[in-house]
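*Asks:* Given next are the chains, with one letter for each unit.
There are 2 protein chains.
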Amino acid sequence: MKRMLFTPGPTEIPTEVLASQSRPIMHHRTDEYRSIFREQTRLLQEFLATTQPVLTLTASGSGAMEAALVNILSPGDEIIAVEGGKFGERWGKIAEAYGLTVHRVTVAYGRVATPEEVESAIAAHPKAKALFLTHSETSTGALFPVHEMAKVARAKGLLTIADTVTSYGVYDLRFDTSDLDGVVWGSQKGMMIPPGLGYVCYGPRAWAAAEKARLPKFYFNLTKARASLEKGDTPFTPAISLVIAAHAAASMQAAEGRENVFARHERNAEATRAAVRSLGLPLFAEVPTNAVTAIAVPAGVDGGAVVKTMEHRYGVKIAGGQGSLKGKIFRLGHIGHYDAGDILRLVGAFESALSDHGHRVEPGTAVRTAQESLRRATAPAGVA
Amino acid sequence: MKRMLFTPGPTEIPTEVLASQSRPIMHHRTDEYRSIFREQTRLLQEFLATTQPVLTLTASGSGAMEAALVNILSPGDEIIAVEGGKFGERWGKIAEAYGLTVHRVTVAYGRVATPEEVESAIAAHPKAKALFLTHSETSTGALFPVHEMAKVARAKGLLTIADTVTSYGVYDLRFDTSDLDGVVWGSQKGMMIPPGLGYVCYGPRAWAAAEKARLPKFYFNLTKARASLEKGDTPFTPAISLVIAAHAAASMQAAEGRENVFARHERNAEATRAAVRSLGLPLFAEVPTNAVTAIAVPAGVDGGAVVKTMEHRYGVKIAGGQGSLKGKIFRLGHIGHYDAGDILRLVGAFESALSDHGHRVEPGTAVRTAQESLRRATAPAGVA
Chain A
0 MKRMLFTPGP
10 TEIPTEVLAS
20 QSRPIMHHRT
30 DEYRSIFREQ
40 TRLLQEFLAT
50 TQPVLTLTAS
60 GSGAMEAALV
70 NILSPGDEII
80 AVEGGKFGER
90 WGKIAEAYGL
100 TVHRVTVAYG
110 RVATPEEVES
120 AIAAHPKAKA
130 LFLTHSETST
140 GALFPVHEMA
150 KVARAKGLLT
160 IADTVTSYGV
170 YDLRFDTSDL
180 DGVVWGSQKG
190 MMIPPGLGYV
200 CYGPRAWAAA
210 EKARLPKFYF
220 NLTKARASLE
230 KGDTPFTPAI
240 SLVIAAHAAA
250 SMQAAEGREN
260 VFARHERNAE
270 ATRAAVRSLG
280 LPLFAEVPTN
290 AVTAIAVPAG
300 VDGGAVVKTM
310 EHRYGVKIAG
320 GQGSLKGKIF
330 RLGHIGHYDA
340 GDILRLVGAF
350 ESALSDHGHR
360 VEPGTAVRTA
370 QESLRRATAP
380 AGVA
Chain B
0 MKRMLFTPGP
10 TEIPTEVLAS
20 QSRPIMHHRT
30 DEYRSIFREQ
40 TRLLQEFLAT
50 TQPVLTLTAS
60 GSGAMEAALV
70 NILSPGDEII
80 AVEGGKFGER
90 WGKIAEAYGL
100 TVHRVTVAYG
110 RVATPEEVES
120 AIAAHPKAKA
130 LFLTHSETST
140 GALFPVHEMA
150 KVARAKGLLT
160 IADTVTSYGV
170 YDLRFDTSDL
180 DGVVWGSQKG
190 MMIPPGLGYV
200 CYGPRAWAAA
210 EKARLPKFYF
220 NLTKARASLE
230 KGDTPFTPAI
240 SLVIAAHAAA
250 SMQAAEGREN
260 VFARHERNAE
270 ATRAAVRSLG
280 LPLFAEVPTN
290 AVTAIAVPAG
300 VDGGAVVKTM
310 EHRYGVKIAG
320 GQGSLKGKIF
330 RLGHIGHYDA
340 GDILRLVGAF
350 ESALSDHGHR
360 VEPGTAVRTA
370 QESLRRATAP
380 AGVA
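Chains as they are written, first to last, in numbering that gives the first Met the number 0: chain A, 0 to 383; chain B, 0 to 383.
These aren't lab readings, by the way, just hints derived from the structure by calculation.
Think of the CB as a built atom: it goes at the ideal place given N, C-alpha and C, for glycine as much as any other residue.
Mixed in with the good hints there might be a few duds.
[Unchecked claim] For lysine to aspartate or glutamate, the following EDC-like pairs were computed, each having C-alpha atoms within a straight-line distance of at most 16 Å:
| # | chain 1 | residue 1 | chain 2 | residue 2 |
| --- | --- | --- | --- | --- |
| 1 | A | K307 | B | D30 |
| 2 | A | K1 | B | E31 |
| 3 | B | K307 | A | E31 |
| 4 | A | K92 | A | E77 |
| 5 | A | K128 | A | E45 |
| 6 | B | K316 | A | D30 |
| 7 | A | K230 | A | E38 |
| 8 | A | K1 | A | D341 |
| 9 | A | K316 | B | E88 |
[To be verified] A few chain B residues that face chain A, going by a derived Cβ cut-off under 10 Å, partial list only:
| # | residue |
| --- | --- |
| 10 | P9 |
| 11 | A18 |
| 12 | R22 |
| 13 | H27 |
| 14 | E65 |
| 15 | I192 |
| 16 | A212 |
| 17 | P215 |
| 18 | F217 |
| 19 | P237 |
For reference, chain A alone in the conformation it holds in the complex (with noise of 0.2 Å):
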């Protein structure tokens, strides 16, 4: 049976990346490698608007999220962290791992805190260096103001990182004239290649707190990372079939255009959005970010059921929610490779599946909101 995923990570993978991963073997150690590499870097560059050094790590988002914090850190130093979801909550839990004092600015799940939230917290934690951020925080579908945040962190003299594991792609992140000091994501999201490859991207500040980190690092050391990409390289043997996957899927997206890229994927969570209103059913996440929807499951209607439908009845493979919110949530991901077409296809599985499982609504209202939602946001100049 035919099946497509629509989960937040991984993602659907274009068939001209799949096809490149059949592709001979190539030696890392070679010019050929090496001018891949570099050209992928400078296309990571050009889609976060920055001219600082994209690090290529091999390891999943958690592990450069991992490098991201212990390069700018001293044991005994203390951190802020924003939780309001399962990947909020990773911040805090990689700095303890590391003896740090974690103080957190917690929101109930599918809410976001605000800046002044985050100035208070500064306010009373005077010694704390840095601020660990969640941009799209992929466990209940909420986008948090990181912008606004990093801007009241700076001005207080804190480094700001944010998880932009699935905003990355999806968001114009403008980092070199933002106030953020990091960011750090992963491969199998809106880079539209499998799982396996970190990346982080350090600003000046970050980069003059590296020198003086003694947090202890190896394999995640960022600063012989950056020396070893001046030489095309990096420190361990990269993951090459997935260093070739991200120059080939950001070659496509370069070719589309990072503004176009950004608008449909607004377009479709646009769409999405307008589809699962017009089912009579609530928003999760307070602002919802255009990466992944997240939907309260309806009072009586068994939630992992619609899910398992969705997939093994339509083909679509969505997910629930995670730890306490299993069961609790629908999270329909349109993170990379889609188009108005495989939404149509999303948001007709979800009624359909709902439909099968006692949430009845005239037949073909989603499909039909989302239609019209993505044909007036492309509409050109004239058609009504």
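Given chain A, put chain B in place with the hints provided.
*Replies:* Below, chain B alone, put in the same frame as chain A:
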């Protein structure tokens, strides 16, 4: 131009495995993925002859080395590291990055240390908790007697961890009946898949030490990896496509039969060494490994030029020396998916390129010698 890798990693990848990489991506939180992951793990356990969990990390071999070290030690600990090449030196560097005290048993590049030298080092440093070894030193082509060294260490109460990066899949490591407490390797060598996965297997004594170890770790927390493995999972998103490759490649090796795989490596290495000797060239390593044959560059020959000619004129990519051995040795890799015909291709290209660069021998010497060595090694009963 057709090119084939005879580098000591990455190694050639079977076409069947490459083909597995272009299938649509699979989600990792599914029964389908879990059954592949479990089966991969079972096949690796069979190859190691162990009932202990084999942990799959999304990282290169060096990341797995760091994981193997930090999970059994605490701040202030002392270790002994045996060093006779670039990879042996890595253990001490990792330990020092975590502030540990390192006592080194150092031998010249190309030589191997003895169990007696290890015994003396243990006597001289009675506080040392663990011994770190390299089985097959990829940078020099030397094979260290890790099983005998581990026996000495166990008698004195030390744990022994061996880097088996280029010996996994080449030698029968027989983990459970050895005195080794841990082994660690990467995916791009004897496993015949691309780089990007690292593996660690601990024995019961290492797991007991892990309960008390206090070095910081998060991404490389092996206790969490073991708990996840029991559910067919990993703590973080795995490099799904590479795990699928590992399953495909390990299935091919299981079909060939583990003893046959090890015997084939022995045959290929022996034929390569015989061919090298027939050219009047000395092996660089005192005790050569069946993974990679290192050869001193003859006086008057430009080693770098030979490596380039082999690649560009004869379609065979080998490695030169690293660091201080640059230009001084050739390294002919024969780890993984190579048969008799591949070895003729390798030594034929080597002989031809040497001739091109002034080291003249009777044409066909190396190929004929390898051919005879391989023919004798596979002779059925009754064939002369």
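*Asks:* Determine for every hint whether it applies to the structure shown.
*Replies:* Structure-based check of all given hints:
1. Between A:K307 and B:D30 the CA atoms are separated by roughly 12 Å; this keeps the pair inside 16 Å, and the hint holds.
2. With a CA separation close to 15 Å, the supplied pair A:K1 and B:E31 stays within the 16 Å bound.
3. Only pairs whose Cα atoms come within 16 Å are accepted, and B:K307 paired with A:E31 is accepted, the gap being roughly 14 Å.
4. Distance hint between A:K92 and A:E77 is fulfilled; the C-alpha atoms sit about 13 Å from each other, no more than 16 Å.
5. Proposed proximity of A:K128 and A:E45 is contradicted: the alpha carbons are some 29 Å apart, above 16 Å.
6. Only pairs whose Cα atoms come within 16 Å are accepted, and B:K316 paired with A:D30 is accepted, the gap being roughly 13 Å.
7. The suggested pairing of A:K230 with A:E38 holds, with an alpha-carbon distance near 13 Å, which does not exceed 16 Å.
8. Pair hint A:K1 plus A:D341 holds up; C-alpha atoms about 13 Å apart against a cutoff of 16 Å.
9. For a cut-off of 16 Å, the pair hint linking A:K316 to B:E88 is broken: about 47 Å separates their Cα positions.
10. For B:P9, the interface hint holds, the least distance from its beta-carbon to any beta-carbon of chain A being 5 Å, beneath 10 Å.
11. Among the interface hints, the one on B:A18 holds; its C-beta lies about 6 Å from the nearest C-beta in chain A, closer than the 10 Å criterion.
12. Against a cut-off of 10 Å between C-beta atoms, the interface hint on B:R22 holds, since the closest Cβ of chain A lies about 7 Å away.
13. Checking B:H27 against chain A: minimum C-beta separation of about 7 Å stays under 10 Å; hint holds.
14. Satisfaction of the interface hint for B:E65 is found here, the shortest Cβ-Cβ separation to chain A being roughly 5 Å, below the 10 Å cut-off.
15. With its C-beta approaching chain A no nearer than about 9 Å, B:I192 sits inside the 10 Å limit, and its interface hint holds.
16. Proximity of B:A212 to chain A is violated relative to the hint, the smallest CB-CB distance being about 13 Å (cut-off 10 Å).
17. The beta carbon of B:P215 comes within 5 Å of a beta carbon in chain A, closer than 10 Å, and the hint placing it at the interface holds.
18. Checking B:F217 against chain A: minimum C-beta separation of about 4 Å stays under 10 Å; hint holds.
19. Of the supplied interface hints, the one on B:P237 holds, with its beta-carbon coming within about 7 Å of a beta-carbon of chain A, less than 10 Å.
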